[in-house]
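A.B. asks: Protein chains in written order, with my numbering: chain A, 251 to 597; chain B, 28 to 636.
Derived by calculation from the structure, the hints in this document are not laboratory data.
Beta carbons: idealized from backbone N, C-alpha and C, even for Gly.
Among the clues, some could well be false.
[Said to hold, decoys possible] SDA-like cross-link-like pairs, simulated, lysine to any residue; straight-line CA separation at most 25 Å:
id, chain 1, residue 1, chain 2, residue 2
1, A, 365, B, 306
2, A, 403, A, 386
3, B, 296, A, 448
4, B, 444, A, 320
5, B, 444, B, 518
6, B, 241, A, 595
7, B, 163, B, 228
8, B, 448, A, 261
9, A, 388, B, 497
10, A, 388, B, 200
11, A, 271, B, 506
12, A, 435, A, 272
[Said to hold, decoys possible] Far from chain A, by Cβ distances over 12 Å, these chain B residues were calculated:
id, residue
13, 194
14, 207
15, 313
16, 361
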Amino acid sequence: MGVVRTTNAIGLTKADYGGRKSTLCPGCGHNSISNQIITAAYELGINPHTVVKMSGIGCSSKSPAYFLSRSHGFNGLHGRMPSAATGAVLANRHLTAIGVSGDGDTGSIGLGQFKHMVRRNLPIVYIVENNGVYGLTKGQFSATADLGQTIKKIGTNDLPPIDICLEALAADATFVARSFSGSVKEVVELLKAALHHNGTAVLDIISPCVTFNNSPDSTKSFAYGKEHANPLHDITFIPLADEIILDDYEEAEADGKKPREVQLHDGTWIRLRPLAMDYDPTDKMAAMRVLEEAHLRQELLTGLIYYDNSRPTMIDSLQIVDTPLALLSEAQMRPSREALERVMASL
Amino acid sequence: MSLLETKTAEQQAQGHPIVNDFSIVAATVNGSGSQTANGVILRALFKMGIPVSGKNLFPSNIKGLPTWYWIRVSKDGYLGRQEHPAVLVAMNMATVAEDVAGVVPGGVVFYPDDWRIEFGRDDLVFYPMPVKSLLKDVDVAPRLRDYIENMVYVGAVAAVLGIPLEYIREAVSFFLGGKEKAIKLNMDVVEAAYRHFREHLPKRDLYSVEPMDKTDGLILIDGNTAGALGAVFGGVSVVAWYPITPSTSLIDALRDYLALLRRDPETGKATYAIVQAEDELSAVGIVLGAGWAGARSMTATSGPGISLMAEYAGLGYSAELPGVIWDVQRVGPSTGLPTRTSQADLMFVYFLSHGDTRHVVLLPGNMEECFEFGWRAFDLTEYLQTPVFVLSDLDLGMNIWMSRKFDYPDEPINRGKVLTKEDLDRIQSFARYKDVDQDGIGYRTLPGTDHPMAAYFTRGTGHDEYANYSERPEDYFENARRLLRKHNTARKIVPKPVIEHDGCREAIVCYGSVEPAIVEARDILRDRYGREYDYMRIRALPLSPEVFDFVAAHDRIYVVENNMEGQLRQIMMIEMPEHAARMVSVAHLDGLPLTANFVVEGVLEQEGK
Ligand SMILES: Cc1ncc(C[n+]2csc(CCOP(=O)(O)OP(=O)(O)O)c2C)c(N)n1
Ligand code: SF4
Ligand SMILES: [Mg+2]
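Whole structure, please, built from the sequences with the hints as guidance.
C.D. replies: Written out as structure tokens, the structure reads:
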């Protein structure tokens with residue numbers, strides 16, 4: 251008599267997507283995000299060996315050790331993960347890259363690499379676990395900390411915050427989303443959509459640092475997120491296999507709010523049922539405006555902020571062969587003896 | 028004045044003709060398009076069978092500042108820099124006084140005939156060139172006028188030194204890619220100048236060239252092109268870079284040759300990727316990320332870029348990531364002299380990054396080695412699973428050298444210890460950093476390997492054999508010791524030194540581009556001073572066992588290098604403290620390649636000290 255195991259489409263259990271035991275503080279928002287990555291990957295039936303987990307340095311950047319143990323991980327340098335991820339994806343274009351970074355890692359030391367990665371539209375799911383502080387170095391303000399915020403022992407922050415989503419938009423990002431680590435379903439659905447996006451998917455996820463920045467008046471605190479998270483829409487990722495169920499349409503129209511569908515490059519869909527407003531995520535000017543307005547009102551507006559599947563990715567633009575560059579044969583890598591003779595004769 | 032040049036001057040004083048043994052300098056204004064003219068003269072001489080080398084002394088400037096092109100013509104095959112030219116083509120009024128003052132006694136000066144200046148040397152032969160009037164008769168677009176002016180001196184030099192016009196024509200055609208119209212335009216000017224000199228200006232000097240047979244089967248090339256070709260034949264697949272002199276032309280050559288040689292025959296798609304990164308931090312990150320994921324990857328940079336790469340170099344060392352990094356050295360510190368050569372990055376690169384790091388550094392000394400180390404670096408970096416640096420310099424990289432044709436790689440590509448899915452099926456457990464073979468090199472898996480055991484977590488933080496985070500003192504210590512063991516494995520497989528051991532008690536030691544100066548200096552020391560020295564050119568760090576043996580076998584070692592502090596000597600002293608007292612530094616840096624004269628005087632001065 252066997253134990254009944256629940257498995258996904260490729261026959262793996264959820265435990266197969268797990269990682270090592272987390273060493274982050276209990277209650278840290280980053281741990282929830284790790285769990286949501288596990289759920290998304292499990293439910294999508296992703297082959298763990300096709301994933302690479304890339305990260306920089308910080309509490310957030312440690313977290314890839316705590317999910318998807320069957321995927322290769324690369325915990326590199328502070329702020330420089332985008333370049334290593336770029337190299338890895340260039341070496342093997344069939345890998346699915348998940349990048350995990352922090353607000354310090356992305357917004358301060360790594361802002362340059364971040365923006366250039368976005369600008370190149372590298373295929374990657376790029377998650378910023380945003381807590382407004384440098385957790386790992388014990389609570390200094392990061393570049394996303396609130397203006398005028400005071401933290402004991404650290405002082406008052408007198409600089410305006412950098413908005414990761416706005417920076418991404420300004421760099422011509424093709425997928426921009428914001429969420430809150432406590433909004434489990436929203437994060438999972440956004441992750442699923444991001445994992446199906448062909449290009450850079452930026453997920454700015456407010457992820458409270460319960461040890462250094464969790465006072466309720468901080469916009470990065472758990473209480474603030476719970477109270478103020480204002481979803482633009484209810485988001486559902488619809489994989490290829492599932493048809494869009496017409497019932498839903500009718501139901502939706504009954505309450506007067508027509509859902510929007512956005513199709514991804516591989517034929518899958520994202521369905522957005524309006525909540526905060528009837529919002530079109532393909533309108534870039536609208537995206538900029540809602541972000542600015544939310545910022546002025548210190549409002550935590552969440553959901554799919556912007557989506558564009560028309561821009562070529564870095565891999566598309568380079569016109570490289572389908573075979574991963576890491577797996578070329580000797581004949582593909584080393585031109586012939588005659589080729590060298592021809593070159594020598596031309597000099 | 029160098030000893031050889033003194034000798035030349037003596038011959039001159041005695042009225043002997045001087046054939047195939049002098050330097051020509053063209054002093055021009057940067058951006059005036061003199062490159063083709065200089066290249067034509069160099070190539071024509073080379074095709075006449077005469078050994079030559081070409082050095083461009085250029086400013087860090089796009090247009091307007093002075094630039095000098097040196098051509099060494101040497102029947103004996105000496106290719107190093109000379110301190111004084113015998114033939115000056117003065118095209119830059121701003122530097123003419125200084126330029127003329129530098130010419131050897133009895134030398135030759137060509138200058139535009141509309142200059143109204145006093146040269147102040149009555150020991151030289153002056154040839155006025157009617158640049159403006161010759162150009163009047165040629166139909167040339169105004170925007171090409173500056174450029175085509177330079178062809179006047181090509182014709183003048185050819186007429187006076189005796190370069191047959193067919194060699195000039197062939198060289199012009201080579202540089203203009205066989206384009207008939209352009210060739211005719213250029214040759215019209217060359218021939219007009221040539222005729223003018225032959226008809227109106229009888230030869231009054233003693234310098235000339237004559238055909239030889241010393242360049243048969245050889246090529247002319249620069250080290251950056253040679254290195255790029257090496258990389259192409261080494262299977263480079265990912266290139267990331269950020270522009271910086273003097274490394275940019277290496278990437279330019281890579282781009283050209285990859286486009287030519289690395290396309291998929293069926294789809295026409297590239298089997299490589301080149302990315303111009305936003306800076307060198309990113310360039311090296313891309314290289315090491317790609318190396319980690321299994322592609323042969325490289326970057327090329329110079330001092331300021333190497334400084335930025337320091338943190339990643341440490342990650343590469345500790346997380347054991349392959350990747351090839353070319354440093355085409357220029358003069359530092361800081362921006363330094365961006366267009367001048369040095370060998371002053373050796374120490375920094377060897378120990379690049381914080382903590383206990385020691386890198387593998389290849390030290391090519393000529394064109395064939397730029398090519399060979401260009402491909403070999405990939406086998407080494409993948410086999411050793413650590414970044415491999417190739418230290419070239421501006422003199423090697425951007426100047427023109429004669430070379431034997433390059434040999435096709437004589438070994439198949441070696442991708443090192445990589446476990447496939449099938450390998451993993453056969454073993455019980457996989458520990459990424461376990462020293463299975465006792466050579467310090469573990470086995471790795473590539474991301475994407477379809478096996479539940481394949482994955483591991485690469486990190487710059489402390490780790491155990493299974494790549495798990497560890498702060499245990501024993502884990503750190505054992506891992507660091509294994510990395511040193513790996514360094515010692517590298518010692519045995521990096522290129523061995525070139526050694527000429529004839530039983531002398533004293534020896535000259537060097538690395539890289541200073542070899543031509545030493546070859547010439549050793550002949551002078553023997554012929555004029557009766558002093559003989561053994562010779563060793565080191566070709567890699569860590570130092571091979573042969574280097575230790577060589578040092579132990581000599582009483583005195585003169586370490587010649589193009590930097591201020593004698594960095595190679597310092598590394599040798601660190602590695603062989605017991606022999607430190609026998610190592611004498613002959614080091615100098617002013618931005619120019621070392622000369623034979625400097626080496627002779629440097630060694631003689633230290634003799635008996
Ligand atoms: C070059 C460099 N400078 C400084 C540090 C120290 N450091 C480690 S983590 C960190 C900040 C991390 O903040 P964040 O990215 O927001 O991650 P969190 O810990 O908040 O998740 C800093 C400054 C470092 N590792 N490397
Ligand atoms: S310090 Fe903050 S960010 Fe770091 S693990 Fe603890 S709660 Fe999380
Ligand atoms: Mg943070």
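A.B. asks: Against this structure, judge whether each hint is valid.
C.D. replies: Now for the hints, and whether the structure bears them out:
Distance check on the hinted pair: residue 365(A) and residue 306(B) sit about 13 Å apart at the alpha-carbon level, within 25 Å; holds. Between the alpha carbons of residue 403(A) and residue 386(A) the distance comes to roughly 16 Å, so the proposed pair stays at or under 25 Å and holds. Distance restraint check for residue 296(B) and residue 448(A): the Cα-Cα separation of roughly 20 Å lies within the 25 Å cut-off, and the hinted pair is therefore satisfied. Using a Cα cut-off of 25 Å, the hinted pair residue 444(B) and residue 320(A) holds, with the two alpha carbons roughly 21 Å apart.
Taken as a hint, the residue 444(B) and residue 518(B) pair is honoured in the structure, with Cα atoms around 18 Å apart against an allowance of 25 Å. Taking the CA atoms of residue 241(B) and residue 595(A), the gap is about 18 Å. The hint holds against a cut of 25 Å. As the CA atoms of residue 163(B) and residue 228(B) are separated by approximately 20 Å, the hinted pair is consistent with the 25 Å bound. About 19 Å separates the Cα atoms of residue 448(B) and residue 261(A), which keeps this hinted pair within 25 Å; it holds.
Restraint check for residue 388(A) and residue 497(B): the C-alpha separation of about 21 Å stays at or below 25 Å, so the hint holds. Restraint check for residue 388(A) and residue 200(B): not satisfied, since their Cα atoms lie roughly 68 Å apart, outside the 25 Å limit. Our distance criterion of 25 Å between C-alpha atoms is met by residue 271(A) and residue 506(B), whose separation comes to about 24 Å. Under the criterion of a C-alpha separation no larger than 25 Å, the hint pairing residue 435(A) with residue 272(A) is consistent with the structure, at around 22 Å.
Look at residue 194(B): its CB is around 17 Å from the nearest CB on chain A, clear of 12 Å, so calling it non-interface holds up. Annotated as non-interface, residue 207(B) keeps its C-beta farther than 12 Å from every C-beta of chain A; the closest such distance is 19 Å. For residue 313(B), the shortest C-beta to C-beta distance to chain A comes to about 4 Å, within the 12 Å cut-off, and the non-interface label is violated. With a least beta-carbon separation of about 21 Å from chain A, residue 361(B) lies farther than 12 Å from that chain, consistent with its non-interface assignment.
Comparing the model with each numbered hint stated earlier shows that hints 10, 15 do not hold.
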